[in-house]
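Undergrad: For the sequence shown, counting from 1, position 101 maps to 101 in full-length UniProt numbering; every step adds exactly one.
Don't take every hint at face value.
Pairs of lysine to any residue, SDA-like flavour, derived with a Cα cap of 25 Å [claimed, not checked]:
id, residue 1, residue 2
1, Lys490, Lys316
2, Lys492, Asn353
3, Lys495, Glu148
4, Lys72, Glu148
5, Lys316, Ala369
6, Lys387, Asp412
7, Lys316, Ile298
8, Lys316, Phe291
Source of the hints: derived by calculation from the structure; they are not laboratory data.
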Amino acid sequence: MAGDRIVAIGRNLGPAREEIDAAGKIVTPGFVDVHTHYDGQATWDQEMAPSSWHGVTTVVMGNCGVGFAPAKPDRHEWLISLMEGVEDIPGTALAEGMSWDWETFPEYMDALEKLPRTVDVACHVPHGAVRAYVLGDREKPGAIPTAEDIAEMSRIVEEGVRAGALGFSTSRTVLHKSVDGELVPGTTATAEELVAIGRAMGRVGYGVFEMASDMKREWNEFQWMGDLSRETGLPVTFAALQSIAKELPLEEQISEMRKQNAAGANIVAQIALRGNGVIMAWQGTVHPFRFKPAWNEIIDLPWDRQLAHLKDPAFKRRMIEEANVWPESDILDFLMVVAEGWPVHFEMDPDFNYEPRMDESIAHRAAAAGVSPAEYAYDLLMKDDGKGFIYFPILNYRDGNLNFLEDLQAADDTVNSLSDGGAHCGTICDAASPTFMLQHWVRDRKGNRIDLEHAIKRQCRDTAMLYGLEDRGVIAPGYLADLNVIDMDKLKLGKPWLAFDLPAGGKRLLQKADGYVATIKSGVVTFRDGKMQGPTPGGVIRGPQQVELAMAAE
Numbered sequence: 001m002a003g004d005r006i007v008a009i010g011r012n013l014g015p016a017r018e019e020i021d022a023a024g025k026i027v028t029p030g031f032v033d034v035h036t037h038y039d040g041q042a043t044w045d046q047e048m049a050p051s052s053w054h055g056v057t058t059v060v061m062g063n064c065g066v067g068f069a070p071a072k073p074d075r076h077e078w079l080i081s082l083m084e085g086v087e088d089i090p091g092t093a094l095a096e097g098m099s100w101d102w103e104t105f106p107e108y109m110d111a112l113e114k115l116p117r118t119v120d121v122a123c124h125v126p127h128g129a130v131r132a133y134v135l136g137d138r139e140k141p142g143a144i145p146t147a148e149d150i151a152e153m154s155r156i157v158e159e160g161v162r163a164g165a166l167g168f169s170t171s172r173t174v175l176h177k178s179v180d181g182e183l184v185p186g187t188t189a190t191a192e193e194l195v196a197i198g199r200a201m202g203r204v205g206y207g208v209f210e211m212a213s214d215m216k217r218e219w220n221e222f223q224w225m226g227d228l229s230r231e232t233g234l235p236v237t238f239a240a241l242q243s244i245a246k247e248l249p250l251e252e253q254i255s256e257m258r259k260q261n262a263a264g265a266n267i268v269a270q271i272a273l274r275g276n277g278v279i280m281a282w283q284g285t286v287h288p289f290r291f292k293p294a295w296n297e298i299i300d301l302p303w304d305r306q307l308a309h310l311k312d313p314a315f316k317r318r319m320i321e322e323a324n325v326w327p328e329s330d331i332l333d334f335l336m337v338v339a340e341g342w343p344v345h346f347e348m349d350p351d352f353n354y355e356p357r358m359d360e361s362i363a364h365r366a367a368a369a370g371v372s373p374a375e376y377a378y379d380l381l382m383k384d385d386g387k388g389f390i391y392f393p394i395l396n397y398r399d400g401n402l403n404f405l406e407d408l409q410a411a412d413d414t415v416n417s418l419s420d421g422g423a424h425c426g427t428i429c430d431a432a433s434p435t436f437m438l439q440h441w442v443r444d445r446k447g448n449r450i451d452l453e454h455a456i457k458r459q460c461r462d463t464a465m466l467y468g469l470e471d472r473g474v475i476a477p478g479y480l481a482d483l484n485v486i487d488m489d490k491l492k493l494g495k496p497w498l499a500f501d502l503p504a505g506g507k508r509l510l511q512k513a514d515g516y517v518a519t520i521k522s523g524v525v526t527f528r529d530g531k532m533q534g535p536t537p538g539g540v541i542r543g544p545q546q547v548e549l550a551m552a553a554e
């Protein structure tokens, strides 16, 4: 390596500045995660955990239409409430952690430049922030922007992409709401508005249009996505999931995408490698007893006092026997499964398998133990002095297994994604997806696995190329020296835990892994054996990146 680039590969390369013993290990490019939500955290945190703990050296932020630029001063709290509601990032942490020394999107990019990190960060221009900036107090669910509004939104997006954003993002799902329960701005946007914004990127000549959607049939999403891609020549990417909120089943989503691609579009499906699962705990965002009257009597107490109540046998009896009191909600069916879905709730023991069998459910184990599922779940949550976890795969686990992903992982119109790194701090911990891919899909899965080389390509080169990052994802001369040295025999996900280490004591679920011998970013060792080493060579990516072909040809 010389500077931040690989200059040679092979044996007997002469003396080195530093040597790492990789005998018996695998050496991979740094992982490229294109679906994260570090938009706030990236302004204060150099470590960028937990993604950086799992071999990730590049993240793309600003997905799902939420972010913090552009931002007028009177919209800061609104943007925080949107992010808190959609992505379950503590609003108090965002309010204390961010300096807000920007207003426009280019100024936000400049602000990101001020803090070096262990990873490179790239951005989308988020629809929610753009709409709030242009419409102001008129931004309400169902708001219809004028032609002038749409022109201004398009101008802002074009300005952001010219400043270095890699794309634009929006969200159109009822699962995404502000902390006040309002739908995110993109949900009711018209196809005309979305296409006009896409054309703004087309004027620049690059940019990815990213979207999460309920895929309502009346919206005819794939038609306008296909038309936009064909007109601009740009890729459109969407979250492809088995989801209770989507009208189109996953199979139909993929089929409709392929019809458009056969007609000249470039639509790419982002797929998750495991069930998108809520991790439930007493101190988490949700748990099965969340709607019990007894719980709501103690919900605002400090943890030590909550724990004292939870240990009281009389209180336990109330929690188990009381009927749930349901809130008014358009996702009531989902909330009922959170509280009573024992056949699809699973105990997270130390060797938990994220592809659990149905006979491992709480319902099944409770029956074997001769107790009610509620009592079994209560005792499970009380383990480790009230720090037990329950796993509930709400998406991508319709069939009780991950078999449906086998063909999708072999397809060239899908990318491995949807880790949501930095988000869902009290409910989901999927930033460990690259480690799960290697541990489960490559090494341990009972059933069809994927080849190591293919898995690495999926998480490195394919994700990088979708966003025009041609300078990474490959180990070859001229490419960025972003590397991982991994001991596959020792690779293992650790048990998640709840930390309260965000600004203002905000909570987040974290998960480490054994087996990462070293992570190298731009030629500098950033992690050894899972521990940050101090250097922060990561920067801000501005626009597509090309490999230094002259060096690569030598």
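Undergrad: Verify the proposed pairing of Lys387 with Asp412, using a straight-line Cα cut of 25 Å.
TA: violated (41 Å)
Undergrad: Just to be careful, I want the Cα atoms of Lys490 and Lys316 compared with a cutoff of 25 Å; is the pair within it?
TA: With Cα atoms ~40 Å apart, Lys490 and Lys316 exceed 25 Å; violated.
Undergrad: Given the proposed pairing of Lys495 with Glu148, does the C-alpha separation stay at or below 25 Å?
TA: violated (52 Å)
Undergrad: Assess, step by step, whether the Cα of Lys316 is no farther than 25 Å from the Cα of Phe291, and give holds or violated.
TA: holds (14 Å)
Undergrad: Are the Cα atoms of Lys72 and Glu148 separated by 25 Å or less?
TA: holds (19 Å)
Undergrad: For the pair supplied as a hint, Lys316 and Ile298, is the alpha-carbon distance within the 25 Å limit?
TA: The hint holds at about 13 Å.
Undergrad: Holds or violated: Lys492 and Asn353, Cα atoms, limit 25 Å.
TA: At roughly 11 Å apart (the allowed maximum being 25 Å), Asn353 and Lys492 satisfy the hint.
Undergrad: Are the Cα positions of Lys316 and Ala369 separated by 25 Å at most?
TA: Between Lys316 and Ala369 the Cα gap is close to 18 Å, so the pair holds against 25 Å.
Hints 1, 3 and 6 from the earlier list are contradicted by this structure; the remaining hints agree with it.
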